[in-house]
Amino acid sequence: MTEQAAEARERRILGTELLWAFGVGVLIAAVLGVIVFTALTADINPPSNVERIDPKTLHLSGEFAEQNLGTTVGADGGVTVRVIATQFMFVPRCIAVPYGRRVTLRFATPDVIHGLLITGTNVNTMVVPGFVAQVYSEFTRAEDLLMPCHEYCGLGHSDMWATVQVLPESAFKPGQDGRVSCAQR
Amino acid sequence: MWSSRGGKPMISANQTSASDVPPEVPDQVDEAALAEVMRVVPLGAGVVAGTAVALLVLGYLAIYLLVFLPRGPVG
Numbered sequence: 001m002t003e004q005a006a007e008a009r010e011r012r013i014l015g016t017e018l019l020w021a022f023g024v025g026v027l028i029a030a031v032l033g034v035i036v037f038t039a040l041t042a043d044i045n046p047p048s049n050v051e052r053i054d055p056k057t058l059h060l061s062g063e064f065a066e067q068n069l070g071t072t073v074g075a076d077g078g079v080t081v082r083v084i085a086t087q088f089m090f091v092p093r094c095i096a097v098p099y100g101r102r103v104t105l106r107f108a109t110p111d112v113i114h115g116l117l118i119t120g121t122n123v124n125t126m127v128v129p130g131f132v133a134q135v136y137s138e139f140t141r142a143e144d145l146l147m148p149c150h151e152y153c154g155l156g157h158s159d160m161w162a163t164v165q166v167l168p169e170s171a172f173k174p175g176q177d178g179r180v181s182c183a184q185r
Numbered sequence: 186m187w188s189s190r191g192g193k194p195m196i197s198a199n200q201t202s203a204s205d206v207p208p209e210v211p212d213q214v215d216e217a218a219l220a221e222v223m224r225v226v227p228l229g230a231g232v233v234a235g236t237a238v239a240l241l242v243l244g245y246l247a248i249y250l251l252v253f254l255p256r257g258p259v260g
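Sequence lines, in order, name chains A and B. Take the first sequence: its letter number 92 is residue 92 in the working numbering, and every next letter is one higher. Take the second sequence: its letter number 19 is residue 204 in the working numbering, and every next letter is one higher.
Please keep in mind that the hints were generated in silico from the structure rather than gathered at the bench. Since the structure is predicted, the reported quantities are computational estimates derived from the model, not experimental observations. Each hint should be verified, as a subset may be incorrect.
With beta-carbon atoms standing in for the labels, derived distance ranges [claimed, not checked]:
1) A:M89 to B:V252: 25 to 33 Å
2) A:N124 to B:L243: 47 to 55 Å
3) B:V252 to A:T16: 33 to 41 Å
4) B:V225 to A:W161: 29 to 37 Å
5) A:A171 to B:V238: 42 to 50 Å
Residues from chain A shown here face chain B by an in silico Cβ test under 7 Å; the list is partial [to be verified]:
6) T16
7) T41
8) D43
9) N122
10) Y136
11) S137
12) T140
We put the CB at the ideal spot given by N, CA and C, even for glycine.
So here's chain B without its partners, still in its complex pose (with noise of 0.2 Å):
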């Protein structure tokens, strides 16, 4: 035990440490708020995704048309 400039011992036997994991307690979990929650997520990650996509997309056309086609047949 670490013991302070006095030679007293910092903390005692009988004290427990701020580190101490707290016990567990249940979360209040609204189970209609977390369904509902569930309901949206991958609508959301789909919109993300889908948006990204259609930039890339939109940017391959747009090479396609503007730059790759009007550069004349190759072969």
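Extracted from the complex, chain A is given alone in its bound form (with noise of 0.2 Å):
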């Protein structure tokens, strides 16, 4: 082979691998403009509450209380879910949420790690001992959904799960105390 049909060779390969390199920046652009527009257009972000909480007293009094667990609406209609996450169960261990509207869910754990998800739904996230873990959502989907401990918490993890129950609006109904329970059923 001559020296120019070498030297064209080369050329030819390093024209590939640039063309090769302009095409992974330009998918590493849109992946990341996808994710962008996702933020901004659908409201879907990574859940990036930092709030610290003692977990030696967070049964004793405020918020995380045993008579404050479960759905509250606020006075200004906003729906707050609060759930402590302990070895092995979720208290209360069914949440009631309304369909359609948005809902601010906050965790927090008296002992070891745990996390959780709601089935059908993008609600995924770790509860740390020594943080308030809070995420909101809007539940779409008017049925019971599972929400199972997915951070392996002791022996009794796989029994530990609790059940959204996503109620429509006509059955979504505080009592005076701004608070709902699960319909039974």
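Both chains come to you apart, so use the hints to assemble them.
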């Protein structure tokens, strides 16, 4: 092979590599664009709440005391759910949420690291001792959804799950204290 | 030298082993054919890699559009 032909071949290979690098760059830009576009238009973001809480006393007073757990509708109409994840159950075990409304879910744990997801939704977070895990979502399936612990937390881990009951607006009626419980079925 | 049962050497000093490296013989290379192969090979690699990446992107888009977005907002 002559020297010129070898040079031409090298140039061609370099051209192919540069073209490939350009294609990969376009793909990376497209994926990042999709993430930004989704965040801006569909309001889908990674949960990023950093809030400290003392795991030794969270059950004694404050928002995670027993009487404050479950679903509460505030004076402004905002729906907040407070749940304690503990070995090996969620308290309460059934959570009522309205269909098609923004719901703020707040979780805390007094013992070890737990995790949870709600089937059929993008809700998925870890619950770490010392921190409040907060996720908001909007439920668009009016049915009972499973909420299992997905972070191994001990021998009873597989029994740790709760139900999220998505109620239509007609059935989601807060009491005088603004609290909503699961419908008995 | 290894000997046979009768004490006679199996290989005499003037014999060559079959495992000897054969003398180098230049390949009969057709320069034109080689140039043609070298022209086509990067294109083939590009097609294979491009197909693999295209399948990956299609899978990503399918999960994004059919699974992720219908699951609703989160943050």
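Now the hints, each set against the structure:
In this structure the supplied range 25 to 33 Å holds for M89 (chain A) paired with V252 (chain B), their Cβ-Cβ distance being about 29 Å. Evaluation of the 47 to 55 Å hint for N124 (chain A) and L243 (chain B) yields a failure: the beta carbon distance comes to about 24 Å. At about 35 Å, the CB distance of V252 (chain B) to T16 (chain A) agrees with the hint of 33 to 41 Å. With their beta carbons about 58 Å apart, V225 (chain B) and W161 (chain A) fall outside the hinted range of 29 to 37 Å.
At about 48 Å, the CB distance of A171 (chain A) to V238 (chain B) agrees with the hint of 42 to 50 Å. The criterion of a C-beta within 7 Å of any C-beta in chain B is met by T16 (chain A), whose closest approach is roughly 5 Å, and the hint holds. Given hint, T41 (chain A) at the interface with chain B, is violated; its Cβ is 10 Å from that chain's nearest Cβ, farther than 7 Å. This hint holds: D43 (chain A) has a C-beta 4 Å from the nearest C-beta of chain B, less than the 7 Å allowed.
The beta carbon of N122 (chain A) is positioned within 7 Å of a beta carbon in chain B (closest approach about 4 Å), and the interface hint is therefore held. Because the smallest distance between the Cβ of Y136 (chain A) and any Cβ of chain B comes to about 6 Å, under 7 Å, the interface hint for this residue holds. For S137 (chain A), the interface hint holds, since its Cβ comes within 7 Å of a Cβ in chain B; the closest pair sits about 5 Å apart. Because the smallest distance between the Cβ of T140 (chain A) and any Cβ of chain B comes to about 5 Å, under 7 Å, the interface hint for this residue holds.
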